[in-house]
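I would like the entire structure built from these sequences, with the hints used as guidance.
Chains H and D, in that order, give the protein sequences.
Counting in numbering that gives the first Met the number 0, the first sequence runs from 0 upward without gaps.
Counting in numbering that gives the first Met the number 0, the second sequence runs from 0 upward without gaps.
Because the hints were derived from the structure by calculation, they are not lab data.
The beta carbon of each residue, even a glycine, is placed where N, CA and C say it ideally should be.
Some hints here could point you the wrong way.
Claimed, not checked - No farther apart than 27 Å at their CA atoms in a straight line, the calculated lysine-lysine pairs in the BS3-like style are these:
1) D:Lys170 / H:Lys20
2) H:Lys63 / D:Lys58
3) D:Lys170 / H:Lys63
As the list claims (entries may be wrong) - If you want the footprint, here are the derived chain D segments under chain H, 3+ residues with CB under 8 Å:
4) 59-70
5) 155-167
Here is what each chain is made of, one letter per residue.
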Amino acid sequence: MILHTIVPEFLVFQTNEAEYKKQRTVQYNGVTLLVQQTETNEYEIVRVLSSDPQHYLTYEPGIKLHATSLQFMV
Amino acid sequence: MEERDISQEETKPSPAENIVQLGQTNVPQLSSDSTIHCLTIVGQIEGHIQLPPQNKTTKYEHIIPQIVAIEQNPNIEGLLVVLNTVGGDVEAGLAIAEMLASMSKPTVSIVLGGGHSIGVPIAVSCDYSFIAETATMTIHPIRLTGLVIGVPQTFEYLDKMQERVVNFVVKHSNISEEKFKELMFSKGNLTRDIGTNVVGTDAVKYGLIDEVGGLSQAMRKLRELIDHSHQQGAMLQ
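Next up, the structure:
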């Protein structure tokens, strides 16, 4: 199947709603992080959302955090 | 038996009591507050539609509060903006660019890899801009990837939106409107599209970006701007 369209790919093949829910924005020790839930029910850092360069030395993508220590935003 | 045991324990001082202080060696700590903060504009600039999680996006609802916090925090002296973006939503990109342009603290931007499309106004919005020698910036006309209704209305709408981008870039960089539009509408540079892909030194030659350089040059410039703003502050007092 070849689709010739100006409609963006993400509108043609829409992502499952559940995919969006896997990633969440959280606060951990005052640092905003984008985390993804793992199969073992932990949260893995996907991105550090901070402008302070020091935070990037402490928090790296891949670090696993326990759900109880996280403050969920929205 | 039991009673005697207890009394014996009481007379015997526990080892912990003899220790006046449980100490730890002092490790010299770096000051936790950085005076220069860094904002990374990476991936796609996300607008009103949330992109699927596999896309790397810069969300303005994350960036704008950070800019506000940096502006307000008295410990932060300057801001370094690092760009490696493919572009994205025009309104969101212009919002970030306007926020950066209206900051009172010194700002320096570096384009690494790419600062394409709506990344151009963000790169020029800072007080001083750098581009890595290998980095590129694509300048092209505004497009709508979506459902288009009427041709004349669409044209007017896009034309006005494009004027906003052109005006912003011309106002915040040394490029002339004519040159910017010439690059924007030039043919034969991009595959099946109009526009120009400007590489490092060319971006400086056209006046779009101030200087070719990397991290050390950008940090030096930022320090220089901070010192300058301190001097101005002292003179005002």
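Each hint, compared with the structure:
no. : hint               : result
1   : D:Lys170 / H:Lys20 : violated (41 Å)
2   : H:Lys63 / D:Lys58  : holds (23 Å)
3   : D:Lys170 / H:Lys63 : violated (46 Å)
4   : 59-70              : holds (count 4)
5   : 155-167            : violated (count 0)
In this structure, the hints that do not hold are numbers 1, 3 and 5, in rising order.
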